[in-house]
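S.K.: Okay, here's what each chain looks like letter by letter:
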Amino acid sequence: DTGVSQDPRHKITKRGQNVTFRCDPISEHNRLYWYRQTLGQGPEFLTYFQNEAQLEKSRLLSDRFSAERPKGSFSTLEIQRTEQGDSAMYLCASSSGDRFSGANVLTFGAGSRLTVL
Amino acid sequence: AQSVTQLGSHVSVSEGALVLLRCNYSSSVPPYLFWYVQYPNQGLQLLLKYTSAATLVKGINGFEAEFKKSETSFHLTKPSAHMSDAAEYFCAVSAMYSSASKIIFGSGTRLSIRP
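Just so you know, the protein sequences line up as chains A and B, in that order.
Each residue of the first sequence is one higher than the last, beginning at 50 in our numbering.
Each residue of the second sequence is one higher than the last, beginning at 441 in our numbering.
Isolated chain A (complex conformation) (with noise of 0.2 Å):
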């Protein structure tokens, strides 16, 4: 197993333009993470996934981002209309969860890091 993939691993866009960010996790993984992290801050909660139903969702997360795990395995983060403000590093990682889910240790993927111009 290579660990949690993330693609791609840099992307330079222009304000307004739609950006897809591709998440492989560990294959025994059943659950998914996504998170931000701006330069001095700590990773911040966006979503996540128990197989392929979203469990959770951020309050601070915009219309314009969405998320999806179709069949339980890869994931994928799609931001619309990105502005400046989108700019930071995208985590993902993966766990296997169970009934005391809270314990389990998240692996995380090296990040996309996103520019928005």
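Careful, some of the hints might be misleading.
Heads up, incomplete: computed chain A residues facing chain B, CB under 7 Å, no partners named [what the hints assert, rightly or not]:
1. Gln90
2. Gly91
3. Pro92
4. Phe94
5. Glu105
6. Leu109
7. Phe114
8. Phe123
9. Gly158
10. Ala159
Hints are computed from structural coordinates only; laboratory data are not their basis.
Only a predicted model underlies this, so the values are computations on that prediction, with no experimental measurement involved.
Glycine included, C-beta positions come from ideal geometry on N, C-alpha and C.
With chain A's structure known, arrange chain B on it following the hints.
M.R.: For chain B alone, kept in the frame of chain A given last:
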């Protein structure tokens, strides 16, 4: 709801000195607590976690943390700093006994090691 506060965005210590990184948590239910480390140009990785089995938790690379419920703290320590410890450290919290629990991170503490 859960949250963590990391006191000090930047800590600098001399090589061989004690490392102390502070974390206070807030949780309406019993918490799980974590420390993650992020080395330059690398992804976050787990350093240690508290899951109620023992209040003193030992992690990798000689780090340990003690859960103190009365102080709502989970400070990270290492007796003797090494140059390779220079990194960003994040404290995190999630809810115990929850079937749907996200993990909330603090804002991080950057640790610098002076030769």
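S.K.: Work down the list of hints and note, for each, if the structure agrees.
M.R.: Against the structure, the hints come out as follows:
The criterion of a C-beta within 7 Å of any C-beta in chain B is met by A:Gln90, whose closest approach is roughly 5 Å, and the hint holds. Because the closest C-beta pair between A:Gly91 and chain B is about 4 Å apart, less than 7 Å, the hint holds. Proximity of A:Pro92 to chain B holds as hinted, the smallest CB-CB distance being about 5 Å (cut-off 7 Å). A least Cβ separation of about 5 Å between A:Phe94 and chain B falls short of the 7 Å threshold, and the interface hint therefore holds.
Hint status for A:Glu105: holds, given a least beta-carbon distance of 6 Å to chain B, under 7 Å. Below 7 Å, beta-carbon pairs count as interface contacts, and A:Leu109 has none with chain B, the closest being about 12 Å; its hint is therefore violated. Residue-level restraint check for A:Phe114 is violated (minimum Cβ-Cβ distance to chain B is 16 Å; threshold 7 Å). Checking A:Phe123 against chain B by beta carbon gives a least distance of about 17 Å; that is not within 7 Å, so the hint is violated.
About 6 Å separates the beta-carbon of A:Gly158 from the nearest beta-carbon of chain B, less than 7 Å, and the hint is met. Residue-level restraint check for A:Ala159 holds (minimum Cβ-Cβ distance to chain B is 5 Å; threshold 7 Å).
Violated hints for the displayed structure, listed by number in ascending order: 6, 7, 8.
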